[in-house]
Amino acid sequence: MPRVCKFTGKKTTTGRQYTHRGKAKYLGGVGTKVTGRTKRKFKPNLQKVRAVVDGRVTRILVSTKAIRMGLVVKPVRRNWKPEAVSA
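Quick note, this note's numbering runs 22 ahead of the 1-based positions in the sequence shown.
Keep in mind that the hints were calculated from the coordinates and are not lab data.
Glycine included, C-beta positions come from ideal geometry on N, C-alpha and C.
One thing to keep in mind: the hints can contain errors.
[Unchecked claim] The calculated lysine to any residue pairs, modelled on SDA-like cross-linking and capped at a C-alpha distance of 25 Å, are:
id, residue 1, residue 2
1, 28, 102
2, 28, 55
3, 28, 87
4, 33, 73
5, 96, 55
[Unchecked claim] Label pairs and their computed distance ranges (CB to CB):
id, residue 1, residue 2, range
6, 57, 99, 50 to 60 Å
7, 46, 100, 58 to 68 Å
8, 25, 99, 35 to 45 Å
9, 102, 24, 28 to 38 Å
10, 58, 101, 51 to 61 Å
11, 47, 97, 53 to 63 Å
12, 69, 98, 51 to 61 Å
13, 92, 57, 43 to 53 Å
14, 45, 72, 50 to 60 Å
15, 104, 38, 31 to 41 Å
16, 35, 97, 56 to 66 Å
Go ahead and model the full structure; you've got the sequences and the hints to work with.
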């Protein structure tokens, strides 16, 4: 399963993390300098959810934003009672 949201299309993006040294000018220093740049990944907050897709219940990866927006239709919870079936 790729790390991509089924509804919003959110996926892993790349960026950098900067390391600084020095004291900020507004604090009375001579300013901060960048001493290092390392590559990093920004990963979306994806959850495995049972959802109704095309009329079928499947387990898909969905971002939490899609869940909050109401884009995910969850299946109906059924209370199954074995004694009701046998009677």
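message: Run the distance test for residue 96 versus residue 55: straight-line Cα separation, threshold 25 Å.
response: violated (50 Å)
task: Hint says 50 to 60 Å; check whether the CB-CB distance for residue 45 and residue 72 agrees.
output: holds (53 Å)
message: The hint says 58 to 68 Å between residue 46 and residue 100; measuring C-beta to C-beta, is that right?
response: Since the Cβ atoms of residue 46 and residue 100 sit about 60 Å apart, the hinted range of 58 to 68 Å holds.
query: residue 28 and residue 87: Cα distance at most 25 Å?
result: Given that 25 Å is the threshold and the Cα spacing comes to 12 Å, the pair holds.
query: Honestly, do residue 47 and residue 97 meet the 53 to 63 Å range at C-beta?
result: At 57 Å between Cβs, range holds.
field: Hint check for residue 38 and residue 104 - Cβ pair distance inside 31 to 41 Å
entry: For residue 104 and residue 38 the Cβ distance comes to about 58 Å; the hint is violated.
25 Å Cα cutoff - pair residue 28, residue 102: violated (30 Å)
- request: Take a quick look at whether residue 28 and residue 55 sit within 25 Å of each other, Cα to Cα.
  value: violated (41 Å)
- prompt: Regarding residue 102 and residue 24, is the given constraint of 28 to 38 Å on their beta-carbon distance met?
  reply: holds (34 Å)
task: Please work out if residue 33 and residue 73 have their alpha carbons no farther apart than 25 Å.
output: holds (19 Å)
task: Return holds or violated for the Cβ distance of residue 58 and residue 101 against the range 51 to 61 Å.
output: Since residue 58 and residue 101 have Cβ atoms about 57 Å apart, the given range 51 to 61 Å holds.
message: Looking only at beta-carbon atoms, does the pair residue 69, residue 98 fall within the given range of 51 to 61 Å?
response: violated (19 Å)
Of the numbered hints stated above, those contradicted by the structure are hints 1, 2, 5, 8, 12, 15 and 16, listed in ascending order.
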